[in-house]
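Student: My request is simple: use the sequences and hints to build the entire structure.
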Amino acid sequence: MDKGMIVKNMSFKVGQTLTLVGTTKPDATYFVVNIGPDEKEITMHMNPRFDAHGDQKTVVCNSYQGGSWCEEQRITSFPFQLGGEFTINITFNPAEFLVVLPDGSSFTFPNRMGLEKYSFINVDGDARISSIQIQ
Numbered sequence: 001m002d003k004g005m006i007v008k009n010m011s012f013k014v015g016q017t018l019t020l021v022g023t024t025k026p027d028a029t030y031f032v033v034n035i036g037p038d039e040k041e042i043t044m045h046m047n048p049r050f051d052a053h054g055d056q057k058t059v060v061c062n063s064y065q066g067g068s069w070c071e072e073q074r075i076t077s078f079p080f081q082l083g084g085e086f087t088i089n090i091t092f093n094p095a096e097f098l099v100v101l102p103d104g105s106s107f108t109f110p111n112r113m114g115l116e117k118y119s120f121i122n123v124d125g126d127a128r129i130s131s132i133q134i135q
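This note's numbering puts the first residue of the sequence shown at 1, with every later residue one more than the last.
Treat the hints as calculated values from the structure; they're not laboratory data.
Straight-line alpha carbon distances no greater than 30 Å define the calculated DSSO-like cross-link-like pairs of lysine-lysine that follow: (1) K13 x K117; (2) K25 x K3; (3) K3 x K57.
Tutor: Below you can see the structure in the form of structure tokens.
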């Protein structure tokens, strides 16, 4: 889980919003956004799948804790375009993450680790990030 773009020692705290701006590849199959305390534990794994792992136009979210994947959450909204720019906003609340997708649709994902600060982010797969902002 440590390929692609990696940011370590960041400070993403409760009450803040992480904004990612990027572009998917014209032939993208999937990309991932991982947020956690480090590269070994991922509290939020967001995986937009154009056509990967048996899924088409689906966003799959999960957590990776203690060496195992937890229960998946699937999002039916899929506002990503092949070769298109996207903006994802992730607001960190004590109990959950509020994710706003490029078309303005949103979903929540539980803060399964219960921490108040995360210091690791990884973006990998068929997308290139042009901007990261935490406010």
